[in-house]
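Colleague: Listed below are the residues making up each chain.
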Amino acid sequence: EAGVTQSPTHLIKTRGQQATLRCSPISGHTSVYWYQQALGLGLQFLLWYDEGEERNRGNFPPRFSGRQFPNYSSELNVNALELEDSALYLCASRPGTGENQPQHFGDGTRLSIL
Amino acid sequence: GEDVEQSLFLSVREGDSSVINCTYTDSSSTYLYWYKQEPGAGLQLLTYIFSNMDMKQDQRLTVLLNKKDKHLSLRIADTQTGDSAIYFCAETVAYSSASKIIFGSGTRLSIRP
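Keeping their order, the protein sequence lines are chains A and B. So in our numbering the end of the first sequence lands on 114, straight run, no missing numbers. So in our numbering the end of the second sequence lands on 1113, straight run, no missing numbers.
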């Protein structure tokens, strides 16, 4: 069974540009989560999608947005990039939202802002 | 509020046991998880414990749960250099007829010779 896949692995942008990060969940998983992990720090929750709908959003500005497609894959878009957006962006998927269902993570997209 | 707390760093000698501690806030949490993150990678699910259990053992890993104190620990026996990583504790909390998972800030485990 393929795990959670994220693309691209690395992304280099300059200030003010826009970035699109992609995530394919494990087959059969309907929930997708996005996290930001700045260097040396913990996970900051960004967005949660389930069955195509946004279920919850972390404390990030509106220039961070995303969507989930009918096949449950997801995109994270970051507009007007700033230097502090440089981080590892992790995607996780989950079979559903039941209590006994852990999240499974991809290896992340490392976004560097020059 | 929702909060999972962990100490940021732990250093142990190779061959010793490592004990990583975590406190959580939601007394109704049913599942608690431990994840491992190696450099440059995502989080890997290591183990989990159901709230009606006090202990769970899986090879070198032992998870202890104290529900009264809302304290969770992960013990790694015979710690090896390959155990160097960041370890995240996580709890499930109820959210709008579903559940969500709250992560701690992670404990960076370093192994000294």
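In case anyone wonders, no lab produced these hints; they're calculated from the structure. Be aware that one or more of the hints could be misleading.
What the hints assert, rightly or not - Subject to a maximum C-alpha distance of 25 Å in a straight line, what follows is the list of computed SDA-like cross-link-like pairs (lysine to any residue):
| no. | chain 1 | residue 1 | chain 2 | residue 2 |
| --- | --- | --- | --- | --- |
| 1 | B | K1067 | B | A1041 |
| 2 | B | K1036 | A | P61 |
| 3 | B | K1036 | A | P95 |
| 4 | B | K1036 | A | Q44 |
| 5 | B | K1070 | A | T5 |
| 6 | B | K1036 | A | Q17 |
Claimed, not checked - Some chain B residues close to chain A (C-beta under 8 Å, calculated; not the full set):
| no. | residue |
| --- | --- |
| 7 | A1041 |
| 8 | Y1095 |
| 9 | K1100 |
| 10 | L1109 |
The C-beta atom is built at its ideal place from N, Cα and C for all residues, glycine as well.
Colleague: If a hint holds in the structure, say so; if it doesn't, say that too.
Modeller: Each hint tested on the structure:
Restraint check for B/K1067 and B/A1041: the C-alpha separation of about 31 Å exceeds 25 Å, so the hint is violated. Restraint check for B/K1036 and A/P61: the C-alpha separation of about 29 Å exceeds 25 Å, so the hint is violated. The suggested pairing of B/K1036 with A/P95 holds, with an alpha-carbon distance near 20 Å, which does not exceed 25 Å. Of the supplied pair hints, the one linking B/K1036 and A/Q44 holds, its CA atoms being roughly 16 Å apart against a limit of 25 Å.
Only pairs whose Cα atoms come within 25 Å are accepted, and B/K1070 paired with A/T5 is rejected, the gap being roughly 34 Å. A C-alpha spacing of about 33 Å is found between B/K1036 and A/Q17, which places the hinted pair above 25 Å, so the restraint is violated. Because the smallest distance between the Cβ of B/A1041 and any Cβ of chain A comes to about 5 Å, under 8 Å, the interface hint for this residue holds. The beta carbon of B/Y1095 is positioned within 8 Å of a beta carbon in chain A (closest approach about 7 Å), and the interface hint is therefore held.
For B/K1100, the shortest C-beta to C-beta distance to chain A is roughly 7 Å, which falls under 8 Å, so the interface hint holds. Against a cut-off of 8 Å between C-beta atoms, the interface hint on B/L1109 is violated, since the closest Cβ of chain A lies about 14 Å away.
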